[in-house]
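Colleague: Here the protein sequences come in this chain order: P and Z. Sequence positions in the first sequence follow this note's numbering and run 1 to 229. Sequence positions in the second sequence follow this note's numbering and run 1001 to 1284.
These are calculated hints, taken from the structure and not from any lab test. If you're wondering where the values come from, they're calculated on a predicted model, not measured in any experiment. Some hints could be false.
[To be verified] List of simulated lysine to aspartate or glutamate pairs, DMTMM-like, C-alpha gap at most 20 Å:
{"#": "1", "chain 1": "P", "residue 1": "K181", "chain 2": "P", "residue 2": "D169"}
{"#": "2", "chain 1": "P", "residue 1": "K181", "chain 2": "Z", "residue 2": "D1197"}
{"#": "3", "chain 1": "P", "residue 1": "K181", "chain 2": "Z", "residue 2": "D1206"}
{"#": "4", "chain 1": "P", "residue 1": "K181", "chain 2": "Z", "residue 2": "D1195"}
{"#": "5", "chain 1": "P", "residue 1": "K181", "chain 2": "Z", "residue 2": "D1216"}
{"#": "6", "chain 1": "P", "residue 1": "K181", "chain 2": "P", "residue 2": "D151"}
{"#": "7", "chain 1": "P", "residue 1": "K181", "chain 2": "Z", "residue 2": "D1178"}
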Amino acid sequence: MTDQWTDRLSEYLDGELAGAERRELEAHLATCAECRTVLDELRTVALHAGALEDRPPVHDLWAGIAERIGAAGGQERVLDLAAARRRRAPRRLHLAWPQLAAAAVALMAVSAGAGWFLSSRTGLDPVAALAGDGRPPVPIPAASFAEPSYDRAIRDLSAALQEGRGRLDTATVRVLEHSLKRIDAAIAQARRALAADPASEYLNNHLAETMRRKLALLRRAAALVSVES
Amino acid sequence: MVTGIGAGLLLALAQGWQTDTTVAVERGTRLEISRLGGDVTIDTWERNAIRVRAEHSSTERIEVRITAGAATVTARGRRGGRAYIVDYSLTVPVWMDLDLSGTYGDIMITGAQGRVVAETVEGDVVVEGGRGVVSLQSIEGDIELAGASGEIDLHTVDGGIRARNLDGRVVAETVDGDIVLSGVRSADVTATTVDGDLEYDGVLQDDGRYRFITHDGDLAITVPERVNATVSVATFSGTFEADFPVTITEARRGRRFSFTLGSGSARVELESFEGLIRLLRRSP
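All chains, full assembly: derive it from the sequences and hints.
Modeller: The following block contains the structure:
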């Protein structure tokens, strides 16, 4: 089961938690095996993230942003971005999206409690599995950096949903299909952006967060099938 | 399990098309209705009793089962099976905890001062009140909440979320819809949507944590003039505007930067992949 600390572990690892919060989380870790497991996984993948090349962004929006702020504020002091980069503390260990996705899957697995949805594995495309109406599914770009645990979780949940879709109202299925396509479109956009700027911390986090959303939706849909059966 | 003094089974047989029955309950009893297949409207009164009115067919009946700690309302069909389409209107004690779940239909609750858990699949959830835990969920429907406090979780998939006058931890999440939070007094707010705009008007408490994330939509965050916050802004192809004079304290790689307002005590994350992010000063 997830708790209030599970989404703070990355911050803890980055040393971003204030003293009181850090102590509170450490006290929690002493009693929560699930969080300790997730933290260990995060530590492992953070070591890999530390080896990422520190490249500048392809497109820097700061000039435009600074201009807007300057026009709005009048008294502000805007720092030079290049100087800020030079003064910046050594890069923290942020996680690339495959590691974040792996952590998300780990959290999902922990919170799922039971692996009931893992019983049938058909390898269906997650959207095609839901659609089933002859329409071409929204293509999900092949992940050259495919994360097996994420892909497997998506595949298994989709299979469970496909198996039980007959128990859901057609309108509900339609809504789920539509929403999954929205998320897949967002994932595709994030992946394309990340391909152009693979070291972007924001894009890595955003892609992982969007993938987590897809997992959460599929898990909820599969749970719905379970309730209706 | 049916236990305790006062436990019993009350069968309120349908009178034609209508059930209207009132049952006394002890303080602390919670209300449970599951497998809803119709609309349910709940309001409150000061009496320690629940009044159940239901519209259903003449072959169906409504059971109000009083057990230790719970009043369970169930609709039964002709042969004792489940009844599918029943509209309820209940009046319950103001202190009563409510636990409602169903598949089709709207859930509307007014004046609750206890825990509220309400889930539907196809329908809106509209609640005024709720304390302690307020968890509202839908798949296809809007969520509306006003005047709640405690641990507040608002989730839908295809629908918007609109909430005002909230105290406590707030989580609001949808996939395809807008989120509007106003009058929020919280130190912990998370609001995320994939395809929709997000508006927040509330406090930024010292040491608080606030996350507002959309993929395809705009953010409009309105806060008081004097705040102490470290604001992190991230976007891919969107833009940022602020009413506040800002000083950059950290510039991270790519389309992400942060700045400090006041002492920087609260932490605020604003993210939109391709929308407009605005940090607005509340008008006096």
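Colleague: Against the 20 Å threshold, does the CA-CA distance of K181 of chain P and D1195 of chain Z hold or violate the hint?
Modeller: Roughly 11 Å separates the two Cα atoms, so the pair holds.
Colleague: Check the hint pairing K181 of chain P with D151 of chain P against an upper bound of 20 Å on the C-alpha distance.
Modeller: The given pair, whose Cα atoms are some 16 Å apart, holds under the 20 Å limit.
Colleague: Please verify whether K181 of chain P and D1178 of chain Z have alpha carbons no more than 20 Å apart.
Modeller: holds, 17 Å
Colleague: Within a Cα-Cα threshold of 20 Å, do K181 of chain P and D1216 of chain Z meet the stated pairing?
Modeller: holds, 13 Å
Colleague: Between the alpha carbons of K181 of chain P and D1197 of chain Z, is the straight-line distance 20 Å or under?
Modeller: holds, 18 Å
Colleague: Can the restraint linking K181 of chain P and D169 of chain P be considered satisfied, given a maximum Cα separation of 20 Å?
Modeller: Judged against 20 Å, a Cα distance of about 19 Å means the pair holds.
Colleague: Next pair to validate is K181 of chain P with D1206 of chain Z; report whether the Cα-Cα distance is within 20 Å.
Modeller: The hint is violated at about 39 Å.
Violation of the numbered hints given earlier is confined to hint 3; every other hint is satisfied by the structure.
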